[in-house]
Amino acid sequence: MIISTLSNGWYVFGNVMLRHMQWFEAADLI
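Numbering (our numbering), first residue to last: 1 to 30.
Think of the hints as simulated: they come from the structure by calculation, not from any bench.
Cβ coordinates follow ideal geometry from the N, Cα and C atoms, glycine included.
Any given hint might turn out to be false.
Here are the computed distance ranges between Cβ atoms for each label pair [to be verified]: (1) Thr-5 - Ala-26: 28 to 34 Å; (2) Ser-7 - Asp-28: 28 to 34 Å; (3) Ala-27 - Ser-7: 38 to 44 Å.
Go ahead and model the full structure; you've got the sequences and the hints to work with.
Dropping the structure here:
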C-alpha cells in the first residue's frame, strides 16, 4: 500500500516535471 502510493506520487511528480520541461522548451523557442 505504501509502495503503491509512493510510486503513484512519483508518477504524478514525473508528469508535472515533464510538463514544466515542455513549457520551458516552448518558451525557449518563442
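Consistency of beta-carbon spacing, Asp-28 to Ser-7, with hint 28 to 34 Å: holds (31 Å)
Hint check for Ser-7 and Ala-27 - Cβ pair distance inside 38 to 44 Å: violated (30 Å)
Range hint compliance [Cβ, Thr-5 to Ala-26, 28 to 34 Å]: holds (32 Å)
Against the hints set out earlier in the document, a violation occurs for number 3 only.
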